[in-house]
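Protein chains in written order, with the numbering used here: chain A, 28 to 161; chain B, 101 to 631.
Hints were generated in silico from the structure; no laboratory data involved. We put the CB at the ideal spot given by N, CA and C, even for glycine. Don't take every hint at face value.
Label-pair restraints from in silico Cβ distances [as the list claims (entries may be wrong)]:
1) 533(B) to 56(A): 18 to 28 Å
2) 177(B) to 79(A): 49 to 59 Å
3) 69(A) to 621(B): 19 to 29 Å
4) 130(A) to 303(B): 51 to 61 Å
5) 623(B) to 156(A): 35 to 45 Å
6) 577(B) to 58(A): 55 to 65 Å
7) 128(B) to 122(A): 52 to 62 Å
8) 79(A) to 539(B): 37 to 47 Å
9) 510(B) to 56(A): 12 to 22 Å
10) 55(A) to 384(B): 33 to 43 Å
11) 384(B) to 156(A): 54 to 64 Å
12) 130(A) to 499(B): 47 to 57 Å
The lines below spell out each chain.
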Amino acid sequence: MSPPRVLLAKPGLDGHDRGIKVIAMALRDAGAEVVYLGLRRTVPEIVRSAIDDDVDVIGISVLSGAHVALAADLLRALDHEGLAVPVVIGGTIPERDAAALGDLGVAAVYPVGTGLHEVVAGVLQLASRERVQR
Amino acid sequence: MTEVRETTDAGIPVREIYTEHDVVPGLDERLGRPGRPPFTRGPYPTMYRGQLWTMRQFAGFGSPEEANERFHFLLDRGQTALSVAFDLPTQLGYDSDHPVARPEVGRVGVAIDTADDMADLFSGLPLDRVSVNFTINATAPIILAMYLVAAERQGVADEALAGTLQNDILKEFLARKTFVFPPEPSMRLSCDVVEFASGRLPRFNPISITGYHAREAGCDAVQELAFTLASAIAYSQALVARGLPFDSFAPRLSFHFATTMDLFEEAAKLRAARRMWSRIATERFGAQDANSGRLRFFSGNSGTTLTAQQPLNNIIRSTVQCLGAVLGGAQSIHVMGYDEAFEIPSEEAVTLSLRTQQIVALESGVPRTVDPLGGSYYVEALTDEIEARANEVLSEIEAIGGAVSALERGVSQRWVAESAYRIEREIAEGIRPRVGVNVHADPDDTAVEVPELFALDPSIAERQIARTAKRVAARDQGACVETTAAVEAAARTGTNVMPSLIDAVRAGATLGELADVFRTVFGEFREPHPW
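Same shape as in the complex, but just chain A:
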């Protein structure tokens, strides 16, 4: 079976990319194929790449506090395209917002402080579930 494919991107204007780069390197070391789009990506760019690169999971990272608005935009756009790829989000996310993100349809929330292994295992599990379903 081909390796799981994960799209990682930073939407919005936030430039904190230490975490997302670490996750990208850890996922690659765990055997995933990682498409890293980098900083300041628009929702249409992320959706385009999700389609073109046929990814199993989309991971976004936001440390500016704009996570709810940006996740909502992304999920709306994916829904519009009829794309059922699970979305995970990491960043400076207070617990009060984690529930709101779950209600929006975010598959997993990884706030600051989540262990590296936990994120990698969670993303890979979502990816393999996605593979099986297709």
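Use these hints to put chain B onto chain A, whose structure you have.
Chain B alone, transformed into the frame defined by chain A:
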């Protein structure tokens, strides 16, 4: 995990005990006297006995009124200077009504669209008496112009203004990532600001050359030092290439370092930084003025050492880091809020940060004598070792063409990311202890929420957009168009942009409009792929 690690955070092996045999002969020359080259023991002769460091908590959120309120709050509690955080749209040159700005307005800092906003930000704060630090880079020339106009409206002369503009675009490409224009025109704008200020703003630091963000992005203390000095060399070379004598601008260069948890390594790094810059100033740039090699710095505590787990532990971490900055001889200090793993710090948390500084300053006795670690076998050996290692990294950077070239090729960024990954793996594997995370964790520590987090008023964006619309409608459109055109002409011809920017913001041009002028002339930069 109860064993003591035998290497520093940067991986320098440490002996069980240090004696005089571990200190290379010639220490007296390497130390000198405080306030005299090579400044190892401190930039000023009497250090904190003469004047305590400036307590400068980084603050700002929401609209100018809300940020102004927090500034008054901090000054009322004994803070001695201000440090402005701007929101991302302001840092990236978008007005609040720009579609990409909307979700970010007022979030990580204050939203500033016009010179009127800047005047409101400092309402009731006399700018000839309060020193102000601005964390702004790509749009630094526009923000400086707005600040000068705000001061003008208070009747304060340029010569009376004290403070610091971060204006270090190189570290944006390296780590902080609020770049807008490509490296070359970005360097030019940074240098325009330094050139303009070196004649007109004698008490103002027009640039703060920064290793802090690379450190926060994951590099170690040695790399932080090397990156910072490589940037300082690049700016100095660019300014000298403009025909400015080194001694005309070097005394106003300021620096910014992180102070993290490895107490003695951090103090040693800061001591080594002063010695290295003093040598670079003299040996490379032929400084004649002793002030040119006098490295002064602001120290920020490290946010990345703070944990979401057991957040009150962060108060203790911040205390150790504040102490490190003082032992390293900082001129101004920011202490992190213990709740910053979750949100912008609450009023309770910023008050505690300020109190941390005040307790170290007034109760610990540490500021009583200059460079209390001077002569410690361990710290002197560590200072020498960090200097030697940082010089090696600096040579590597120079071998690939210096700071700008290393950034354009993505080499420096890769070093930072690799180091960040190494640290994270060490935490995950339990090699690098984090109390409350991988050691002494609470088994049932599922709820990590801190009570009473700061919550941003959701109506801020709407209110800010309405304010700016009103001001744009009220301005003299002809004057605005004319002065904005002059900015474009200056940008195209290579004339210093500062005088025309001041005219334009005085006429009511917005930050977004002026950044658009630069976008048109210079283009926008997209980061090369990291792998």
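Here's how the hints hold up against the structure:
1. 533(B) to 56(A): 18 to 28 Å: holds, 23 Å
2. 177(B) to 79(A): 49 to 59 Å: At roughly 54 Å between Cβ atoms, residue 79(A) and residue 177(B) fall inside 49 to 59 Å, so the hint holds.
3. 69(A) to 621(B): 19 to 29 Å: Holds, at about 24 Å.
4. 130(A) to 303(B): 51 to 61 Å: holds, 53 Å
5. 623(B) to 156(A): 35 to 45 Å: holds, 43 Å
6. 577(B) to 58(A): 55 to 65 Å: Taking Cβ atoms as reference, residue 577(B) and residue 58(A) lie about 60 Å apart, which means the hint holds.
7. 128(B) to 122(A): 52 to 62 Å: With a Cβ separation near 56 Å, residue 128(B) and residue 122(A) satisfy 52 to 62 Å, so the hint holds.
8. 79(A) to 539(B): 37 to 47 Å: At 44 Å between Cβs, range holds.
9. 510(B) to 56(A): 12 to 22 Å: Given about 20 Å between the Cβ atoms, the range holds.
10. 55(A) to 384(B): 33 to 43 Å: holds, 41 Å
11. 384(B) to 156(A): 54 to 64 Å: Since residue 384(B) and residue 156(A) have Cβ atoms about 59 Å apart, the given range 54 to 64 Å holds.
12. 130(A) to 499(B): 47 to 57 Å: holds, 54 Å
Going down the numbered hints, you'll see the structure goes against none, and every one checks out.
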